[in-house]
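*Asks:* One letter stands for each residue in the lines below.
2 protein chains.
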Amino acid sequence: MCRRTASLAGAARFRLTGGMKPGPRLTPLAASLPATVPFVGPEAQERSRGRLFAARLGANEMGFGPSPAAVTAMAAAASEAWMYGDPENHDLKQALASELDVPAEAIVVGEGIDALLGYLVRLTVGPGDTVVTSRGAYPTFNYHVAGFGGTLHEVPYRGDHEDPAALVAAARKTDAKLVYLANPDNPMGSWHGAAAISEAIEAVPDGCLLVLDEAYVEFAPEGTAPPLDPTDRRVIRMRTFSKAHGLAGMRVGYAIGHPDLIGAFNKVRNHFGMCRVAQAAALASLRDPEHLAETIDRVEAARVRIGEIAAANGLAALPSATNFVAIDCGRDGAFARRVLAGLIERDVFVRMPFVAPQDRCIRVSCGPEESLDLLEKALPAALKAAG
Amino acid sequence: MCRRTASLAGAARFRLTGGMKPGPRLTPLAASLPATVPFVGPEAQERSRGRLFAARLGANEMGFGPSPAAVTAMAAAASEAWMYGDPENHDLKQALASELDVPAEAIVVGEGIDALLGYLVRLTVGPGDTVVTSRGAYPTFNYHVAGFGGTLHEVPYRGDHEDPAALVAAARKTDAKLVYLANPDNPMGSWHGAAAISEAIEAVPDGCLLVLDEAYVEFAPEGTAPPLDPTDRRVIRMRTFSKAHGLAGMRVGYAIGHPDLIGAFNKVRNHFGMCRVAQAAALASLRDPEHLAETIDRVEAARVRIGEIAAANGLAALPSATNFVAIDCGRDGAFARRVLAGLIERDVFVRMPFVAPQDRCIRVSCGPEESLDLLEKALPAALKAAG
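Chains as they are written, first to last, in full-length UniProt numbering: chain A, 1 to 387; chain B, 1 to 387.
FYI, nobody ran anything at the bench for these hints, they're computed from the structure.
One or more of the hints may lead you astray.
Said to hold, decoys possible - Subject to a maximum C-alpha distance of 20 Å in a straight line, what follows is the list of computed SDA-like cross-link-like pairs (lysine to any residue):
no. : chain 1 : residue 1 : chain 2 : residue 2
1   : B       : 93        : A       : 40
2   : A       : 384       : A       : 351
3   : A       : 93        : B       : 69
4   : B       : 93        : A       : 93
5   : A       : 93        : B       : 266
6   : A       : 93        : B       : 43
7   : B       : 173       : A       : 373
8   : B       : 93        : A       : 36
9   : A       : 173       : B       : 40
10  : A       : 93        : B       : 377
11  : A       : 93        : B       : 47
12  : B       : 93        : A       : 46
13  : B       : 384       : B       : 300
14  : B       : 93        : B       : 333
15  : A       : 93        : B       : 260
16  : B       : 93        : A       : 45
17  : A       : 384       : A       : 308
18  : B       : 93        : A       : 290
19  : A       : 93        : B       : 48
20  : B       : 93        : A       : 338
21  : A       : 93        : B       : 22
22  : B       : 93        : B       : 260
23  : B       : 93        : B       : 69
24  : B       : 93        : A       : 37
25  : A       : 93        : B       : 173
26  : B       : 173       : A       : 22
27  : A       : 384       : A       : 373
28  : B       : 93        : A       : 44
29  : B       : 93        : A       : 48
30  : A       : 93        : B       : 36
31  : A       : 384       : A       : 321
32  : A       : 173       : B       : 23
33  : A       : 93        : B       : 35
34  : B       : 377       : B       : 296
35  : B       : 173       : A       : 23
36  : A       : 173       : A       : 199
Remember, it's a predicted structure, so these values are computed and weren't measured experimentally.
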C-alpha cells in the first residue's frame, strides 16, 4: 500500500516504481495529446502566489452575484441533493422554450457551454476533419477540437472583430465540419449586428455547421442576435447561465438548434451529468427577469467606469457588448503582459488575449465598485512598473 | 423566426421544413449511434404517469439524505455560485488524499463516476478495441464503450456474482483494453472479498486496465476493498459521493490510480466542469464521518427490513453489501417485471436487473422507514396482481 511518504516523494517516485508494470494502452490520439489546461484558475494562481486576490476580475464571472431567488432555490434544493437531477432537464427546457419561443426539442441543456462544445465536437469531428475559428478566440473550443483529432484552421481578427465573412470563406475552402464564431466576442468584447450574422449563416457551406457562441449576448445591444430559427440546420446557438445569470459555478449552458442535431446530443451526453441544485438555480434565475435587467444595468455602468479608469491612465478602453472590457495598453504584447503581471502582483486578477495584435490589451471583467476601486488604485502602479 | 405554433406542431414539422437544407455531417461513429438513454429517470416516469412517486427506491440514491454539514456548506456556497469552481479540485483532492492515504496526484475528481468512466473510455478505447464486462452490469459504462466505438465482450454472472476470474480470462483472450468489475456489484448487491479482487488484479493481462467500480464500497464489510496502491498500473478505482454521502444530485466522483493514468485525464476532461457548490458539499461531507457512519448503520437496518418485507411475502432477499437489496421474486423475468410494474403503479419507484437469470429479481434501494412502509404495503398487492 502506498504510504504518506510516497505522497511526499511526489509523482516522480511513481514513474520509478510503477515503471515495472506495463500501463494501460491509450488510444493513439489520446497518447498524442498534451495534458494541457485551457485556463489556469484563479485559485491555482492564489495557491502559487500564497496570497488571495482582492479583486476577481479575470474570468468574466458576474461579480454582482446570482439572483437572490436563485440563491434561495439552491439552499432549498440542497437538502434534496441526495436525488439525481432529472436527466431530461425537463422543467428547465420547458421554461427556456417558453422564454425563447422555440420548441423544447430545439434545446439541449448541458454542463456549461464548455461541455456542450465538447459534445458537439465529438459528434462531428474526427481525425482528418477541419474546423475553422478565429486566431485568439475561445481556447476551450480549440481544446475540444484537438481532443477529438480535428485540425484547426485559424482566421485572423479584423480590427479587433472576428471576421464572419472570412470565417465562412475559410470553412468553404477547407471543407470544414464546424466554424466557430462568438458574438459578442471574447476576449475583445466586440460584436456584429444581427444582419452580419444572418449573412454569415446564409453563406455557411453545405455540410458545415456554424457554432454561434452567444455566451455574452444578454449584455449586447438590441439587434445583436438574429432571430432564433430552429428550422435552420446551418447554425447552433450556445448560451449560458454563467455570465448574465451569475451562475458560472453551477455549470448550466444550453444550445438551440435544429431538433435533429439537438437530438443527436443524446447519443453522447452524460445524461445524469446535471446537478440537481444547478437545475433549480437556473430555473429560479430564469424566473427573475428583474434581477437580470438590474445586472445588465450594473454591467453597463461598470463598463463605463472601467473606461474612465483606463482613460485616467491614458489608455483606451475598447467598445464592449459583454461583461468585460479590453483595455488597450498602447504598446505591444510584452508590455501588456507586464501590466497584467503588475495587476496580479497587486492582487487584482485579470486576464488578457493570447495573440498579437490583440495581446496589446488586458481584459477586465465588470464587477462591484470595491473591485473596480482596487483596479483604479493598482493600474497606475502596474503601468509604471511595466515601464 | 420559429413561432409558438411550431412548438405545438412539434418536431415533425422540423423534419419537413428543415429538410430543405443539408444538415451538419456527423462522424461515421456518431451517425451510427442510437440516441439511447442509459436509464429513464423517475421524473420522466412521473410525467408520463401523470402522478408523483410516493417512495423513491429505484435509483440507489441515499434517501436518508446528505450530511447536514454538507447542506449547510451548499447553502453557504450558493451565494458564491457566480465564481467558477476550482478546475484543479485542489482542496477536495487534498482532503481525499489525506483520508485515503494516497498522493493527490493519484486522484482525479470528476462529474460523477459516469463522467469519469466516459473520460477513461475516451482515453483508451477506439473503434476496433475490445472491452470486457459482465452481462447485465452497469449500462452507463456500456453506453460509453459503444459511444467511442469499442466492442463489448460480455461475461455471464456466476450465481448472482460477477466472475472476476472469468472477466480477466476474457480480457486476456480478447486482448481487451479495459475490463470492468463492480465490487460490490450493481444490480445484485453481491460482493467479493479483497483477496479475490487482488487475485484478479494480479491476473490482469499486460496492456489491459481493470476498472474497479467501488461506488458502493462504504456499505460493504471490512475486507471487501483491497488496499489502495497507486503504484499499480493495472487497476483504477472509481468512487463517489453519490451513494454513502447522499450527494447523487451534485455529481462528484473520483478515481484513484497510477499518477500517469490519472494525469492523462487532464488531456480530455472538462476542466471547469465541477460545480463550485458540489465541491463545497463533498468537502463538508468528507469532514463529517459521524454522519457517514450513521448512514451506513441506517442502510444496514434498512437492508434487514427489506429482507423481512420480502420474507413476509414468501420471497428471498439476496445478501447485499450495498444500499439496495435484490429481491428474488421466485419466478422468471416476465413475472418480476409484472411485480415491478405493480409497484410502480402503486407509486413505489423501484428498478430491476436487465438480463436473465438476474431479472427474476427486483432491486429496492434502502430508504427511510416511511418509504419502506409503502413498499411493505404495496408488495403483496403487486405480487397478487402479477399472478
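*Asks:* Which numbered hints turn out to be false for this structure?
*Replies:* Violated hints (numbers, rising): 3, 4, 5, 7, 9, 10, 13, 14, 15, 18, 20, 21, 25, 31, 34; every other hint is consistent with the structure.
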